[in-house]
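Visitor: Starting from the known structure of chain A, arrange chain G on it as the hints suggest.
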Amino acid sequence: MSSIEERVKKIVAEQLGVKEEEVQTEASFVEDLGADSLDTVELVMALEEEFETEIPDEEAEKITTVKLAIDYINDNLA
Amino acid sequence: MSEQKVALVTGASRGIGRAIAEKLAADGFTVVGTATSESGAEAISAYLQAAGNAGCGMALDVASDDSVDVVLKSIAEQFGAPLVLVNNAGITRDNILMRMKADEWSDVINTNLNALYRVSKACLRGMTKARWGRIVNITSVVGSMGNIGQSNYAATKAGAEGFSRALARELGSRSVTVNSVAPGFIDTDMTRELSDAQRDLMLGQIPLGRLGQPEEIAALVAFLCSDVAGYITGETLHINGGMYMA
Numbered sequence: 001m002s003s004i005e006e007r008v009k010k011i012v013a014e015q016l017g018v019k020e021e022e023v024q025t026e027a028s029f030v031e032d033l034g035a036d037s038l039d040t041v042e043l044v045m046a047l048e049e050e051f052e053t054e055i056p057d058e059e060a061e062k063i064t065t066v067k068l069a070i071d072y073i074n075d076n077l078a
Numbered sequence: 001m002s003e004q005k006v007a008l009v010t011g012a013s014r015g016i017g018r019a020i021a022e023k024l025a026a027d028g029f030t031v032v033g034t035a036t037s038e039s040g041a042e043a044i045s046a047y048l049q050a051a052g053n054a055g056c057g058m059a060l061d062v063a064s065d066d067s068v069d070v071v072l073k074s075i076a077e078q079f080g081a082p083l084v085l086v087n088n089a090g091i092t093r094d095n096i097l098m099r100m101k102a103d104e105w106s107d108v109i110n111t112n113l114n115a116l117y118r119v120s121k122a123c124l125r126g127m128t129k130a131r132w133g134r135i136v137n138i139t140s141v142v143g144s145m146g147n148i149g150q151s152n153y154a155a156t157k158a159g160a161e162g163f164s165r166a167l168a169r170e171l172g173s174r175s176v177t178v179n180s181v182a183p184g185f186i187d188t189d190m191t192r193e194l195s196d197a198q199r200d201l202m203l204g205q206i207p208l209g210r211l212g213q214p215e216e217i218a219a220l221v222a223f224l225c226s227d228v229a230g231y232i233t234g235e236t237l238h239i240n241g242g243m244y245m246a
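Protein sequence lines correspond, in order, to chains A and G. For the record, in the first sequence the residue sitting at position 68 is 68 according to my numbering, with numbers rising by one throughout. For the record, in the second sequence the residue sitting at position 123 is 123 according to my numbering, with numbers rising by one throughout.
Next comes chain A alone, as it looks inside the complex (with noise of 0.2 Å):
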């Protein structure tokens, strides 16, 4: 099993089409991973299906980086 913070990565890596080695943690989705306003909701959808959760709105309109998406996992699934 690997580690939440690979698994976000790995999925910001499919979601937003970039190589996984791009995902630097401290990476935001918009400014460094060319995501546009779509992308980042699809984006929390495909971590609410992997670590089966369900991610208010208005907290996922503050996930805005690779930190804050690992960060946000372990503070709610850990």
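In short, the hints are calculated from the structure, not lab data. Using N, Cα and C, we set each Cβ at its ideal position, and we do this for glycine too. Incorrect hints may appear among the rest.
[Said to hold, decoys possible] In silico negatives: residues of chain G with every beta carbon more than 12 Å from chain A:
1. Ala63
2. Gly80
3. Ala158
4. Gln205
5. Val228
[What the hints assert, rightly or not] The calculated BS3-like cross-link candidates involving lysine-lysine, where the alpha carbons are at most 27 Å apart (straight line), are:
6. A:Lys10 with G:Lys129
7. A:Lys67 with A:Lys19
8. G:Lys129 with A:Lys19
9. G:Lys121 with A:Lys62
10. G:Lys129 with A:Lys67
11. A:Lys62 with G:Lys129
12. G:Lys73 with G:Lys129
Guide: Leaving out everything else, chain G in the frame of chain A:
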């Protein structure tokens, strides 16, 4: 079609909505049609079953957040997420504006326009994920021409066309198309209520000299829902016998 896509048609118990549901069923979609009442839903189930379709009728109040929430969940569980959505349900509460009550205004806005927000939003997740989707909003020639006594109705229909164009831009990158179909004077219960004098007056304005049939609207909607129509989006298609030429 190898795997059957699910098509959701609101307001499908009679008139244009029923013709659309029957045509989409004939084209190979699994069709879920909605009506405001349980008896309406049963009637839809009956004609879909008679056509050999795996879908069914369901009672849905498009003016209610809770109802939309419950019914969309139930569709997803029973059939899978709809990849085709035809927003057809609509009401009229005609009155000249100087006499129009606040509830005549707000009922029409809520059922005809706010429902687009509710129902469309609930279907987007499935469509964006599938990288394929079709949304068709049934509007009216009145949205372009205006009509005495229908300021509320005309506002919702013109609004729906603007909504379609904005949503078409949002979803284009996911191969989801959003279009409007604007019927003119169609032979349904709604127009059968008119007096002979009103009817003759309307017919005089229509170059083709007759009412449209629900099946003629359904054929256009079904085309927009097909794979070959994938390059048409954000468009309003008028179908009115020449009564209004944009």
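Visitor: Would you mind marking each hint as holding or not holding in the structure?
Guide: Each hint tested on the structure:
{"no.": "1", "hint": "Ala63", "result": "22 Å, holds"}
{"no.": "2", "hint": "Gly80", "result": "15 Å, holds"}
{"no.": "3", "hint": "Ala158", "result": "26 Å, holds"}
{"no.": "4", "hint": "Gln205", "result": "43 Å, holds"}
{"no.": "5", "hint": "Val228", "result": "25 Å, holds"}
{"no.": "6", "hint": "A:Lys10 with G:Lys129", "result": "18 Å, holds"}
{"no.": "7", "hint": "A:Lys67 with A:Lys19", "result": "17 Å, holds"}
{"no.": "8", "hint": "G:Lys129 with A:Lys19", "result": "21 Å, holds"}
{"no.": "9", "hint": "G:Lys121 with A:Lys62", "result": "21 Å, holds"}
{"no.": "10", "hint": "G:Lys129 with A:Lys67", "result": "24 Å, holds"}
{"no.": "11", "hint": "A:Lys62 with G:Lys129", "result": "22 Å, holds"}
{"no.": "12", "hint": "G:Lys73 with G:Lys129", "result": "16 Å, holds"}
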